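There are 2 protein chains.
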Amino acid sequence: MISVILAGGSGERFWPLSRESHPKQLLNIAGEKTLIQQTVERLLPLTPIDRIYIITNEQHAFQTLSQLAPYGFKPDHLIAEPVGRNTAPAVALAAELFQDQPDEIMAVFPADHVVSDPDAFHDTLLQAEDAAKENYLVTLGIKPTRPETGYGYILKGGDLENLANAFKVGQFTEKPDRATAEHFLKQRKFYWNCGIFAWKVSAIRQELQRHAPEVIEPLAGIEQHLQNAKGKFPYRVFDAKGKKIFGSLPSISIDYAVMEPSQNAAVVPTSMPWNDVGAWSALDDISKIDSEGNVLSKDVYQVDCTGTLVKADGRVIGAVGLKDMIVVDTPDALLICPKDRAQDVKQLVEELKNKKRPETKLHATVQKPWGSYTTLDEREGYLLKRIEVLPGESLSLQSHKHRVEHWLVVAGKAEVECDNKKMILKARESTVIPKGAKHRLANPGKKLLILIETQLGNILDENDIKRYTDLYGRA
Amino acid sequence: MISVILAGGSGERFWPLSRESHPKQLLNIAGEKTLIQQTVERLLPLTPIDRIYIITNEQHAFQTLSQLAPYGFKPDHLIAEPVGRNTAPAVALAAELFQDQPDEIMAVFPADHVVSDPDAFHDTLLQAEDAAKENYLVTLGIKPTRPETGYGYILKGGDLENLANAFKVGQFTEKPDRATAEHFLKQRKFYWNCGIFAWKVSAIRQELQRHAPEVIEPLAGIEQHLQNAKGKFPYRVFDAKGKKIFGSLPSISIDYAVMEPSQNAAVVPTSMPWNDVGAWSALDDISKIDSEGNVLSKDVYQVDCTGTLVKADGRVIGAVGLKDMIVVDTPDALLICPKDRAQDVKQLVEELKNKKRPETKLHATVQKPWGSYTTLDEREGYLLKRIEVLPGESLSLQSHKHRVEHWLVVAGKAEVECDNKKMILKARESTVIPKGAKHRLANPGKKLLILIETQLGNILDENDIKRYTDLYGRA
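Top to bottom, those sequences are chains A and B.
Residue 0 is where the first sequence starts when you use numbering that gives the first Met the number 0, and the numbers rise one by one after that.
Residue 0 is where the second sequence starts when you use numbering that gives the first Met the number 0, and the numbers rise one by one after that.
So here's chain A without its partners, still in its complex pose (with noise of 0.2 Å):
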């Protein structure tokens, strides 16, 4: 079996906690893992990681393959999107990808949903698996617990031959109302849609060249428009054309493009625990709460507060009388909402997008492929950043038109080239990079190299930037 993580999430609905550089199946929003690594977690006693890929957008590349190195992912397992089309161009490259296996199941699983039954989550999978060598286009059915509004429903059709745990797909009815949810919750005959698929190549081929050819023909030879990414990350990108290719596709979802309209739809039910962790609201029902029904990070102090979720990030919060409340806090952006709001965190980032604010783009700390930055103060004439430089590691060769930059190690061990001359830096060691100078900063140590870069000049601007070479291919 194959596996095709789709990691298309945008995340709005996480904000401030997710970003546009940022989205939700990179947020350890439910535990200590990840959402992407859980995903990758689960499926490796079913795939062996290097059957796994990842569809996900270009700018999220570098942190993926950064989150899932330690599983020993392959940088060339990850096809990076120019932009996002939906899951149905993405479920279409990956089939264009392996159509030189048509016999092989593909599975296709969404990012950032949660599954705490790994045990029950595997067993579908193989009941899916049996059902997709039938040729069946498979997906997962997950037993109601409630009368949501918020996801799509399955309704279960007739037995299929030699399958125990697989039926024909009946109707699909997108985001109901409560009436006719609770109507379908007492059925017991209908399903959540978990945007979990299996199918053969061969299978999903031919649907998508009967009900969809728009999105699956402009793909033919797609593969000779990827290429190896420059640079120490050689992820799967597109050349120029390749992206034109992709680009010209029409957003659309695998469900309305292709299971809706197929005769030949399966449907297994489970009733794995399954969360899409759509909103923040959703935590409640994958986090560990108190007596009180709250959810509290350290550094929150409250008095007489139920149901509410507060989440800290360095500085104390004090709550008092709140009732199914979120709050969520980071170094440079804050929301609060009541729990029963929590899906118009969205309309709140389109108002932020549309002030142009940067805190819907790029977090305080910004990760890159070397390390991350942090900027720490900003006034007239100076910009203070926190460097983190990990071991072995290397920013471009660059130079800057407007700006001096003082450098101050504080941990670790730098190297230093400065217009062609080389130096060490240790702990308590400073330099100066003066204007226009080719400069750049290593990590030549085994430990995490911190660096307290003060800028200094009448225009500070990540944009003034030279590069010339670049170990990630940026140059």
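It is possible that some hints are incorrect.
The list cannot tell twin chains apart, which means a pair is met if one copy fits it or any two copies do.
[Claimed, not checked] Cross-link-like lysine-lysine pairs, in silico, DSSO-like; alpha carbons within 27 Å at most:
#1 437 / 425
#2 345 / 434
#3 310 / 434
#4 434 / 446
#5 297 / 243
Derived from the structure by calculation, the hints contain no laboratory data.
Please read all numbers here as calculations on a predicted model, not as lab measurements.
We have chain A; now place chain B onto it with these hints.
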């Protein structure tokens, strides 16, 4: 008339904007000016600045003087209490200090209330002065506008001869229940006790002697135990004996100690708009409210909020669907509380104090007589601060046992003395202060000096400081 401003508030109810080191009267929560600045400005048309005195806690002396410097307030008109002992000992102290002017009218004002009609305030005070000249102990009575249960009420008694708008004081009722407050409101004979008084020095001394000898008798000859503080800000401070005497006084209010038992008390009723700014919810009455009842700072974005106060401080805040909430953000602490629980912020602060959270004492930016410092980042091995030194000011000559300091000037000009060598550092220049070196930082320029200090060492503690000489008497 001599005006005495009692600035003893701890202002726990305004956490996290108020801290032990930064109580309510020093906050600008009711306009651009701080409450104590507004209090002084309100008095200036009646009392020249050199007839205004302030009694406040010693730890607030520098900040109070710095806020009042623009008005020409004299440092030796500030009397520093070693500990807070409520209003009776402070009033008795002032009365003792002015005992050589027995016929002088002394008026007493809280430092942290809001009066939004200065003309009405002046008219009322002149009436109070007239009554005080007749040897009455005069209290101002505010005409109630709502059945407030949080205030004390004064019953208006009989007329006083020759005084048009002053009456005998009937009974005092502290914080009545709702029904009683409504009854008082209807009766139109009850007034709010606002803590503003006027009396002859001789009159208050006599009544203190009669009704609270335990408060005034120990203060006989107290002036000889008051001296000017050493250094640049010669406010009045007790010597060790004086501290002991003052500290041994009972903690009691002047209302309870004198006004209630006195046969000589008068009330001057007024309908001037008055607010004791007792909790965050009080800001509704003194702030500019939008059409939805919200008071929102810059950098606050909201969806469907009503009746909500959000104070931001640099970070972006997203508020969705909040109703009658209070959100107060500061760089190191955050409060969320419904308006009808605003009084319970005090309880939260008690909890934080029990847990020894430093956020109850200091702000992230700590005010100093020479300027301020702000902690920007702190990890094992280093601590990063922004230090701001006012023109002409200077830190103490000091040394540290456990840390090296790296100084980088980012704005202004620094004079650095290090082991008897002096140098001038301009913006972009840096130096290192070795462990144990006797050093001093000063601003010899006319603009603000901003310096980035990186402390490096295994022990990084504010207490690792030895002071040799100091402009402000702290050595």
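Status of the hints after comparison with the structure:
no.	hint	in the structure
1	437 / 425	both (21 Å within a copy, 25 Å between copies)
2	345 / 434	neither (42 Å within a copy, 53 Å between copies)
3	310 / 434	neither (41 Å within a copy, 40 Å between copies)
4	434 / 446	between (29 Å within a copy, 26 Å between copies)
5	297 / 243	neither (48 Å within a copy, 41 Å between copies)
Of the numbered hints listed earlier, those contradicted by the structure are 2, 3 and 5.
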